[in-house]
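There are 2 protein chains.
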Amino acid sequence: MVLVEKDFKDRIVGAQERIKPFAHKTPVLSSQTLNQISSTELYFKCENFQKVGAFKFRGACNAVMGLDDKAAEKGVATHSSGNHAQALALAAKMRNIPAYIVMPRNAPAVKKAAVLGYGAEVIECNPTLKDREETLEKVVERTNAHVVHPYNDERIISGQATTALELIKEVEDLDCLIAPVGGGGLLSGTALSANLFGRNIKVFGAEPEGASDAHKSFNEGHIVPSIQPNTIADGLLTSLGDKTFPIIESLVTDILLVNDDEIRSSMHLIWERMKIIVEPSAAVPLAAVLKNQHIFKNLKTGVILSGGNLDLKQWKF
Amino acid sequence: MVLVEKDFKDRIVGAQERIKPFAHKTPVLSSQTLNQISSTELYFKCENFQKVGAFKFRGACNAVMGLDDKAAEKGVATHSSGNHAQALALAAKMRNIPAYIVMPRNAPAVKKAAVLGYGAEVIECNPTLKDREETLEKVVERTNAHVVHPYNDERIISGQATTALELIKEVEDLDCLIAPVGGGGLLSGTALSANLFGRNIKVFGAEPEGASDAHKSFNEGHIVPSIQPNTIADGLLTSLGDKTFPIIESLVTDILLVNDDEIRSSMHLIWERMKIIVEPSAAVPLAAVLKNQHIFKNLKTGVILSGGNLDLKQWKF
Numbered sequence: 529m530v531l532v533e534k535d536f537k538d539r540i541v542g543a544q545e546r547i548k549p550f551a552h553k554t555p556v557l558s559s560q561t562l563n564q565i566s567s568t569e570l571y572f573k574c575e576n577f578q579k580v581g582a583f584k585f586r587g588a589c590n591a592v593m594g595l596d597d598k599a600a601e602k603g604v605a606t607h608s609s610g611n612h613a614q615a616l617a618l619a620a621k622m623r624n625i626p627a628y629i630v631m632p633r634n635a636p637a638v639k640k641a642a643v644l645g646y647g648a649e650v651i652e653c654n655p656t657l658k659d660r661e662e663t664l665e666k667v668v669e670r671t672n673a674h675v676v677h678p679y680n681d682e683r684i685i686s687g688q689a690t691t692a693l694e695l696i697k698e699v700e701d702l703d704c705l706i707a708p709v710g711g712g713g714l715l716s717g718t719a720l721s722a723n724l725f726g727r728n729i730k731v732f733g734a735e736p737e738g739a740s741d742a743h744k745s746f747n748e749g750h751i752v753p754s755i756q757p758n759t760i761a762d763g764l765l766t767s768l769g770d771k772t773f774p775i776i777e778s779l780v781t782d783i784l785l786v787n788d789d790e791i792r793s794s795m796h797l798i799w800e801r802m803k804i805i806v807e808p809s810a811a812v813p814l815a816a817v818l819k820n821q822h823i824f825k826n827l828k829t830g831v832i833l834s835g836g837n838l839d840l841k842q843w844k845f
Numbered sequence: 529m530v531l532v533e534k535d536f537k538d539r540i541v542g543a544q545e546r547i548k549p550f551a552h553k554t555p556v557l558s559s560q561t562l563n564q565i566s567s568t569e570l571y572f573k574c575e576n577f578q579k580v581g582a583f584k585f586r587g588a589c590n591a592v593m594g595l596d597d598k599a600a601e602k603g604v605a606t607h608s609s610g611n612h613a614q615a616l617a618l619a620a621k622m623r624n625i626p627a628y629i630v631m632p633r634n635a636p637a638v639k640k641a642a643v644l645g646y647g648a649e650v651i652e653c654n655p656t657l658k659d660r661e662e663t664l665e666k667v668v669e670r671t672n673a674h675v676v677h678p679y680n681d682e683r684i685i686s687g688q689a690t691t692a693l694e695l696i697k698e699v700e701d702l703d704c705l706i707a708p709v710g711g712g713g714l715l716s717g718t719a720l721s722a723n724l725f726g727r728n729i730k731v732f733g734a735e736p737e738g739a740s741d742a743h744k745s746f747n748e749g750h751i752v753p754s755i756q757p758n759t760i761a762d763g764l765l766t767s768l769g770d771k772t773f774p775i776i777e778s779l780v781t782d783i784l785l786v787n788d789d790e791i792r793s794s795m796h797l798i799w800e801r802m803k804i805i806v807e808p809s810a811a812v813p814l815a816a817v818l819k820n821q822h823i824f825k826n827l828k829t830g831v832i833l834s835g836g837n838l839d840l841k842q843w844k845f
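Residue numbers (our numbering), protein chains in the order written: chain A, 529 to 845; chain B, 529 to 845.
Take the hints with a grain of salt, since some may be wrong.
It does not matter which identical chain is meant; a pair holds if it fits inside one copy or across any two.
Result set (DSSO-like, lysine-lysine): computed pairs, CA atoms no more than 27 Å apart in a straight line [unchecked claim]:
(1) K639 to K841
(2) K621 to K697
(3) K602 to K819
(4) K639 to K844
(5) K602 to K744
(6) K602 to K730
(7) K553 to K697
(8) K841 to K697
(9) K639 to K621
(10) K666 to K844
(11) K534 to K640
(12) K666 to K825
(13) K819 to K841
(14) K534 to K825
(15) K598 to K553
(16) K639 to K744
No lab work stands behind these hints: they were computed from the structure.
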């Protein structure tokens, strides 16, 4: 890992410089009530206040702004129905280049509207991974656009790593960091920043029981794909990639599982006590902290609130 | 007004010093999307992040911390079923003195629990103003506690005025300030701070159509009581008092009315776009800004988000 880490140190610092004019340096909030409830000292990094409402903008912005002019002029492309789609569309808009987003036909209208609102072209496909990938290939054949994967890409990992880097610089002497894990872009970036810029910070992943592929992969020592995941944390359904898994395997202390009731209850606590809106995926780390007081008791823990995008009209506690 | 204002300048600066160790200096947030929608430049002062989740803590804290030791040791008392009850209970707890809160028997259990959680004694009464006042009188006879009115009190007005004072110091050259109006503590304090510490800042009140007594009072030149108010903005049901009305009458430019649909829609915008939780009363000013673009267009407007307390389990957009 030594060489890889040296390489990532420069990449992450580079990403921080590159996205600075475009991304928010998000606030760190704390809550006395939540500290009492959890018997720990929690510092919440509020990526729900990031552009497009999620940390995903950091990685997408880093990838888009890092392209040379020749590659950039053909535009960027991806398949995504989530926050990465909006993130890539906005970053492309800021660079004034085209973005082509392949989205499943059954994606919520509100998500399509958001991507269209950032000026991207939406290409519909059938809701299978195979059709998403084939449709994306055709788009690239037609446009020569540059594909930006949502997580399995070193530029994305480095961009997401700036979240933890900011938190480490702002809150001194953190003992732990905890982030949700889906494809692993945020968690691997968090682990890299803790390792490269922090002092003895332990990093934990938090994952829903209904999509526990990262937990299995971590314990079995190889990537176990996510098959038919089922959880309210709809940002955490994907499998780890060959770029994110090795970093997580070597730098993360443990991956903690929580069920949907625990996620819902932590989400309610964050809304009610902190007066901020987070999406279910963002509440997974607090749920893991509350469930594992033997690990976190009396420690200074940084919690990454990954995003705040959900359809409020559909939500009911 | 000249003498009164001079007097208030010292009172407000004194309140700011007095509450500093206890109250949060709340953040000011802005949103590009809301600026675009409103065609104005909005600066939101986030009192939903204040202690007890509302600006009310400022006034209550100022009153409690300003008492001399002899008066303080008997404790403080009030009748309230809202944010003032929690605010007074917490301020008393911080000073380590008793608080006696008269609450109507039908007040939500969650509100009683919050007040009890701050260590106050809750005394139940029938849900009429008459019984609330009589019960409070009996409590005072028994305890000799010092009564702190929720708004019609210069210490409360001065405490609430620190909200606008902070906003004016943080955001230069504001053209307008807008605050919700119920009993008028926040609005009169806002008007005083704009007048005493700002330069040519126009102040507007925002009020629900279903509780338009302040609008009527302002236009008729005398206090018109609030009779059977009916609005989702449940923090704005009370009538102006003889301390708040004269300040509002002389220093406020206009009081703007909005209906419940407009309040609900602004509240949804704030939750969705800013990712923060505000209660219905706190969304009334944004609704008024959106309804009156002829007034606010292209101006730099400070909006006071008064609080974020509501029962999330009861709420549905």
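Results for each hint:
no. : hint         : result
1   : K639 to K841 : both (14 Å within a copy, 25 Å between copies)
2   : K621 to K697 : neither (30 Å within a copy, 35 Å between copies)
3   : K602 to K819 : neither (48 Å within a copy, 43 Å between copies)
4   : K639 to K844 : both (19 Å within a copy, 21 Å between copies)
5   : K602 to K744 : neither (39 Å within a copy, 61 Å between copies)
6   : K602 to K730 : neither (41 Å within a copy, 50 Å between copies)
7   : K553 to K697 : both (12 Å within a copy, 22 Å between copies)
8   : K841 to K697 : neither (37 Å within a copy, 37 Å between copies)
9   : K639 to K621 : within (17 Å within a copy, 47 Å between copies)
10  : K666 to K844 : neither (40 Å within a copy, 42 Å between copies)
11  : K534 to K640 : neither (39 Å within a copy, 56 Å between copies)
12  : K666 to K825 : neither (52 Å within a copy, 46 Å between copies)
13  : K819 to K841 : between (29 Å within a copy, 23 Å between copies)
14  : K534 to K825 : neither (33 Å within a copy, 52 Å between copies)
15  : K598 to K553 : neither (29 Å within a copy, 48 Å between copies)
16  : K639 to K744 : neither (31 Å within a copy, 44 Å between copies)
Checked against the numbered hints given earlier, this structure breaks hints 2, 3, 5, 6, 8, 10, 11, 12, 14, 15 and 16; the rest are met.
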